[in-house]
Structures are given as C-alpha cells and as structure tokens.
Amino acid sequence: MIMEFFEDLKRVDGVQCIVLFDKNLKLIERWSAKYLSEKIFNEIRMDMAQVFSLTDKYSRESQEFVLVTTKDKIYSRNFDRFYLLVLAHLKVDIQLIRLIVTVGWGKMLKNKKIQKALRKLPEPSTNYFAEKFLDDVEAKYLNQLNHIKEE
Amino acid sequence: MSLIERTMDTMKVVEKMDVSENMVFRLSDRRSPKDVKLRNIEWAVIIQLDGEKTVQQIADILALSSFEVEDIFSNLLREGLLELVTISSEKRIVEPEVFDDLKNTLKKYVGPVADFLLEEALEKMNKKSHTFDYSALPTLIDLLSVKIEDEMKQIEFQTEVYEQYKEFMIGS
Chain A
4 MIMEFFEDLK
14 RVDGVQCIVL
24 FDKNLKLIER
34 WSAKYLSEKI
44 FNEIRMDMAQ
54 VFSLTDKYSR
64 ESQEFVLVTT
74 KDKIYSRNFD
84 RFYLLVLAHL
94 KVDIQLIRLI
104 VTVGWGKMLK
114 NKKIQKALRK
124 LPEPSTNYFA
134 EKFLDDVEAK
144 YLNQLNHIKE
154 E
Chain B
332 MSLIERTMDT
342 MKVVEKMDVS
352 ENMVFRLSDR
362 RSPKDVKLRN
372 IEWAVIIQLD
382 GEKTVQQIAD
392 ILALSSFEVE
402 DIFSNLLREG
412 LLELVTISSE
422 KRIVEPEVFD
432 DLKNTLKKYV
442 GPVADFLLEE
452 ALEKMNKKSH
462 TFDYSALPTL
472 IDLLSVKIED
482 EMKQIEFQTE
492 VYEQYKEFMI
502 GS
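Each protein sequence line maps, in turn, to chains A and B.
In terms of my numbering, the first sequence opens at residue 4 and continues consecutively.
In terms of my numbering, the second sequence opens at residue 332 and continues consecutively.
Since the hints were made in silico from the structure, they are not lab data.
A hint or two may mislead.
[What the hints assert, rightly or not] Only pairs whose alpha carbons sit at most 25 angstroms apart, straight line, appear in this in silico DMTMM-like list of lysine to aspartate or glutamate:
#: 1; chain 1: A; residue 1: K94; chain 2: B; residue 2: D431
#: 2; chain 1: A; residue 1: K37; chain 2: B; residue 2: E414
#: 3; chain 1: B; residue 1: K497; chain 2: A; residue 2: D75
#: 4; chain 1: A; residue 1: K42; chain 2: B; residue 2: E487
#: 5; chain 1: A; residue 1: K110; chain 2: B; residue 2: E491
#: 6; chain 1: A; residue 1: K74; chain 2: B; residue 2: E414
#: 7; chain 1: A; residue 1: K94; chain 2: B; residue 2: D349
#: 8; chain 1: A; residue 1: K37; chain 2: B; residue 2: E426
#: 9; chain 1: A; residue 1: K42; chain 2: A; residue 2: E67
#: 10; chain 1: B; residue 1: K478; chain 2: A; residue 2: E67
#: 11; chain 1: A; residue 1: K94; chain 2: B; residue 2: E482
#: 12; chain 1: A; residue 1: K13; chain 2: B; residue 2: E494
#: 13; chain 1: B; residue 1: K497; chain 2: A; residue 2: E7
#: 14; chain 1: A; residue 1: K113; chain 2: B; residue 2: E487
#: 15; chain 1: A; residue 1: K37; chain 2: B; residue 2: E498
#: 16; chain 1: A; residue 1: K74; chain 2: B; residue 2: E487
#: 17; chain 1: A; residue 1: K110; chain 2: B; residue 2: D349
#: 18; chain 1: A; residue 1: K26; chain 2: B; residue 2: E498
#: 19; chain 1: A; residue 1: K113; chain 2: B; residue 2: E482
#: 20; chain 1: A; residue 1: K115; chain 2: B; residue 2: E487
#: 21; chain 1: B; residue 1: K455; chain 2: B; residue 2: E414
#: 22; chain 1: A; residue 1: K13; chain 2: B; residue 2: E498
#: 23; chain 1: B; residue 1: K497; chain 2: A; residue 2: D25
#: 24; chain 1: B; residue 1: K438; chain 2: A; residue 2: E7
#: 25; chain 1: A; residue 1: K110; chain 2: B; residue 2: E494
#: 26; chain 1: B; residue 1: K484; chain 2: A; residue 2: D11
#: 27; chain 1: B; residue 1: K484; chain 2: A; residue 2: D75
[To be verified] Label-pair ranges, simulated between beta-carbon atoms:
#: 28; chain 1: B; residue 1: D381; chain 2: A; residue 2: M4; range: 49 to 55 angstroms
#: 29; chain 1: A; residue 1: M4; chain 2: B; residue 2: S405; range: 47 to 53 angstroms
#: 30; chain 1: A; residue 1: L112; chain 2: B; residue 2: A375; range: 39 to 45 angstroms
#: 31; chain 1: A; residue 1: D138; chain 2: B; residue 2: S351; range: 41 to 47 angstroms
#: 32; chain 1: A; residue 1: K13; chain 2: B; residue 2: R409; range: 40 to 46 angstroms
#: 33; chain 1: A; residue 1: K143; chain 2: B; residue 2: R409; range: 33 to 39 angstroms
#: 34; chain 1: B; residue 1: E494; chain 2: A; residue 2: F68; range: 22 to 28 angstroms
Every residue, glycine too, gets a C-beta built ideally from N, C-alpha and C.
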C-alpha cells in the first residue's frame with residue numbers, strides 16, 4: 004500500500020532494493036531487484052535505525068542520510084511513522100532518489116486512506132542503543148559521545 | 332620517430348584531454364604511480380580506478396568538488412598514469428523550452444526573482460543551460476525548491492516539475 008507511492012524508484016536503473024519498516028524495524032513492505040541476504044538486510048536496517056536514533060538523541064534532527072560503500076549506496080529517509088530504505092548501485096543519482104521519494108511523500112500526505120493507515124503504525128518503542136544491539140566498538144563510541152555531551 | 336618521441340607525442344595528446352564526468356579510466360601500463368610523487372587525494376583516486384567506475388562515481392565516493400576532479404584527473408593524465416577505457420552513456424541535453432517551463436513554474440512560488448534563482452543555481456552547479464543534461468535536473472530542482480519558503484509548496488513545486496519530466500530523468 005505504501006510502496007505504490009514510490010513505484011517510480013523501481014524504474015530507476017541500478018536501484019536494487021526498496022524497504023519500508025515501522026519504527027520498531029518490523030517489515031512493512033519490501034521489493035528487491037536482486038537477492039539480498041537476510042544477514043546484510045538485518046545489518047543495514049539496524050544501522051539505519053541507530054543512525055536516526057543517534058541524531059534524534061543529540062537533537063540533531065535528521066530526516067535522511069546516505070551511506071556510500073565501495074559497491075553500493077544506501078539512502079534512508081526517516082518519516083514520522085516509518086523508515087524508507089533504498090539500496091542502489093553506485094551509478095544511481097541520489098538526487099533522483101530523493102526527488103522521487105519527496106514526490107511520493109507529497110502524494111501520501113494528500114491521501115486520507117494512507118494517512119489513516121500510517122496512524123495505525125506503532126510508535127517507536129525499541130531502544131537501539133541497548134547493549135544487545137551494540138558491539139564493543141559501538142558501545143565505546145557511544146560512551147565517548149555521552150562524555151562529550153556532558154562536557 | 333624514436334620510441335621516446337612517440338611516447339612524448341602520446342602523452343601530449345592525453346594531456347590535452349578534457350576530463351568529463353562520464354569518462355571511465357584505468358591505470359596505464361606505461362607508467363607506475365610509484366614513479367611519481369602524488370598527493371594523498373590522488374592516491375585515493377588511484378585506488379578507486381577499476382576500469383568501471385566513471386569520474387563522477389569516484390568524485391561522489393571521495394566527495395570531490397568539480398574543481399578538484401578537474402585538477403586531480405588532469406594531473407594524473409599529465410603524468411601518464413591513466414588510460415581512457417570508455418565514455419559511458421551519451422548525455423541527453425535539456426531543451427531550452429525546459430528552462431522556460433522551469434522558470435514559469437518557479438515564478439508561481441517565488442515571483443519574478445525566479446530568473447535570478449535559476450541562473451544562480453546553474454552557477455552553483457558549474458553548468459551552462461545549453462550543455463545541461465537531464466541527469467543533472469534532479470539536483471537543479473532540489474536547489475530551486477529550497478528557495479521556496481513553505482515546505483508543502485516545495486513539495487508541490489518538485490512534484491509539478493517531476494511529473495512533467497520524469498520520463499527523461501528516469502531514463503537518462
């Protein structure tokens with residue numbers, strides 16, 4: 004239902020995967036042009052949730068970010084009730100992705116049925132900085148950030 | 332012509348090449364990077380050269396500005412370290428009427444200052460309207476939309492332009 008507002012993303016050459024999660028990382032909808040292993044899939048979604056949680060925690064509101072690796076780009080957008088994640092080949096223009104997502108979001112805002120469905124999605128209730136979600140490096144980094152904030 | 336003279340001739344030809352963002356390079360067999368004193372950023376570019384990534388993709392990965400791209404690749408070419416593999420897909424140049432449409436659409440949201448804002452955006456992108464390709468249109472739309480104060484009107488503007496030219500942008 005939500006994915007239909009971002010259908011044009013599937014037409015962009017090089018877009019490999021589009022995923023929608025609720026704020027507790029429960030899968031809403033998913034589309035893949037190529038196989039993505041569950042391990043990588045889970046790592047990417049956790050990374051995304053942690054980045055947005057971090058920016059929220061330190062009052063630096065962030066609605067979107069891009070991660071560039073040696074092979075792919077990951078674009079992620081933080082909406083009020085869900086996250087959108089796009090995995091794309093390096094050649095894909097992120098500005099085009101952003102434009103399609105913004106246009107899709109604009110249409111969603113005008114659609115009462117969708118707005119009603121979005122209100123039913125759960126509020127965030129997961130602490131992505133709980134010990135079980137962090138490795139040693141991440142835990143140390145967050146600890147350092149906390150010290151900086153206290154100063 | 333001696334071997335040295337032929338090599339110098341080839342290097343002169345390469346030296347004159349204008350670097351464009353769609354070009355794909357690989358390391359030349361004729362000269363090793365170890366024989367040249369390179370800056371760290373030039374080494375970073377060399378590591379990215381795989382005969383597949385375009386100049387633009389490497390620039391995106393390393394967050395290089397267009398001036399830096401020109402400077403770095405020109406220097407690497409001058410040193411004889413690069414070979415051109417290919418120039419990936421032909422650019423599709425935006426017709427002049429598109430810029431008129433863009434201005435008229437933007438005028439609905441910001442008034443007569445639209446003309447100036449468009450010129451300013453093109454300058455920021457270091458592009459000219461007569462050589463502007465469709466692949467850069469999303470960036471231009473983004474730069475123009477932030478000049479509209481109201482967030483919902485920004486989305487309206489982007490939607491209006493996108494719906495009109497999406498086939499060219501998605502297909503470019």
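Cross-check of the supplied hints:
Our distance criterion of 25 angstroms between C-alpha atoms is broken by K94(A) and D431(B), whose separation comes to about 29 angstroms. Of the pairs offered as hints, the one joining K37(A) and E414(B) is violated, with about 32 angstroms between alpha carbons and a cut-off of 25 angstroms exceeded. Straight-line distance between C-alpha atoms of K497(B) and D75(A) comes to about 23 angstroms, which keeps the hinted pair within the 25 angstroms bound. Using a Cα cut-off of 25 angstroms, the hinted pair K42(A) and E487(B) is violated, with the two alpha carbons roughly 39 angstroms apart.
Proposed proximity of K110(A) and E491(B) is supported: the alpha carbons are some 12 angstroms apart, at most 25 angstroms. Note on K74(A) and E414(B): the hinted pairing holds, with a Cα-Cα distance of about 22 angstroms set against a maximum of 25 angstroms. Annotation: proposed proximity of K94(A) to D349(B) holds, straight-line Cα distance about 21 angstroms (limit 25 angstroms). At most 25 angstroms may separate the alpha-carbon atoms for a hinted pair to count; K37(A) and E426(B) exceed this at roughly 35 angstroms.
In summary, the hint linking K42(A) to E67(A) is supported, as the alpha carbons are separated by about 23 angstroms, within the 25 angstroms threshold. Between K478(B) and E67(A) the alpha-carbon distance is near 19 angstroms, which keeps this suggested pair within the 25 angstroms criterion. With a C-alpha separation of about 29 angstroms, the suggested pair K94(A) and E482(B) falls outside the 25 angstroms cut-off, and the hint is violated. Of the pairs offered as hints, the one joining K13(A) and E494(B) holds, with about 16 angstroms between alpha carbons and a cut-off of 25 angstroms not exceeded.
Straight-line distance between C-alpha atoms of K497(B) and E7(A) comes to about 16 angstroms, which keeps the hinted pair within the 25 angstroms bound. Between K113(A) and E487(B) the CA atoms are separated by roughly 11 angstroms; this keeps the pair inside 25 angstroms, and the hint holds. For the hint linking K37(A) to E498(B), the alpha-carbon distance of about 23 angstroms falls within 25 angstroms, and the restraint holds. Note on K74(A) and E487(B): the hinted pairing is violated, with a Cα-Cα distance of about 34 angstroms set against a maximum of 25 angstroms.
With a C-alpha separation of about 43 angstroms, the suggested pairing of K110(A) with D349(B) is violated against the 25 angstroms cut-off. A threshold of 25 angstroms between alpha carbons decides the hint, and for K26(A) with E498(B) the separation of about 33 angstroms lies outside it, so the pair is violated. Annotation: proposed proximity of K113(A) to E482(B) holds, straight-line Cα distance about 14 angstroms (limit 25 angstroms). Between K115(A) and E487(B) the CA atoms are separated by roughly 17 angstroms; this keeps the pair inside 25 angstroms, and the hint holds.
Using a Cα cut-off of 25 angstroms, the hinted pair K455(B) and E414(B) is violated, with the two alpha carbons roughly 30 angstroms apart. Restraint check for K13(A) and E498(B): the C-alpha separation of about 13 angstroms stays at or below 25 angstroms, so the hint holds. Restraint check for K497(B) and D25(A): the C-alpha separation of about 29 angstroms exceeds 25 angstroms, so the hint is violated. Between K438(B) and E7(A) the alpha-carbon distance is near 31 angstroms, which puts this suggested pair outside the 25 angstroms criterion.
Restraint check for K110(A) and E494(B): the C-alpha separation of about 12 angstroms stays at or below 25 angstroms, so the hint holds. Of the supplied pair hints, the one linking K484(B) and D11(A) holds, its CA atoms being roughly 21 angstroms apart against a limit of 25 angstroms. A distance of roughly 32 angstroms separates the Cα atoms of K484(B) and D75(A); the hinted pair therefore is violated under the 25 angstroms criterion. Checked against the hint of 49 to 55 angstroms, the pair D381(B) and M4(A) fails, with Cβ atoms roughly 41 angstroms apart.
Distance hint for M4(A) and S405(B): a CB-CB separation of about 51 angstroms, consistent with the stated range 47 to 53 angstroms. Hint check: L112(A) to A375(B), Cβ distance near 42 angstroms, so the stated range 39 to 45 angstroms holds. Checked against the given bound of 41 to 47 angstroms, the beta carbons of D138(A) and S351(B), roughly 43 angstroms apart, stay inside it. For the hinted restraint 40 to 46 angstroms between K13(A) and R409(B), the CB-CB distance of approximately 43 angstroms keeps it satisfied.
With their beta carbons about 45 angstroms apart, K143(A) and R409(B) fall outside the hinted range of 33 to 39 angstroms. Taken as a hint, the range 22 to 28 angstroms holds for the pair E494(B) and F68(A), whose Cβ atoms sit roughly 27 angstroms apart.
Taken one by one, the earlier hints fail for this structure at numbers 1, 2, 4, 8, 11, 16, 17, 18, 21, 23, 24, 27, 28, 33, listed in ascending order.
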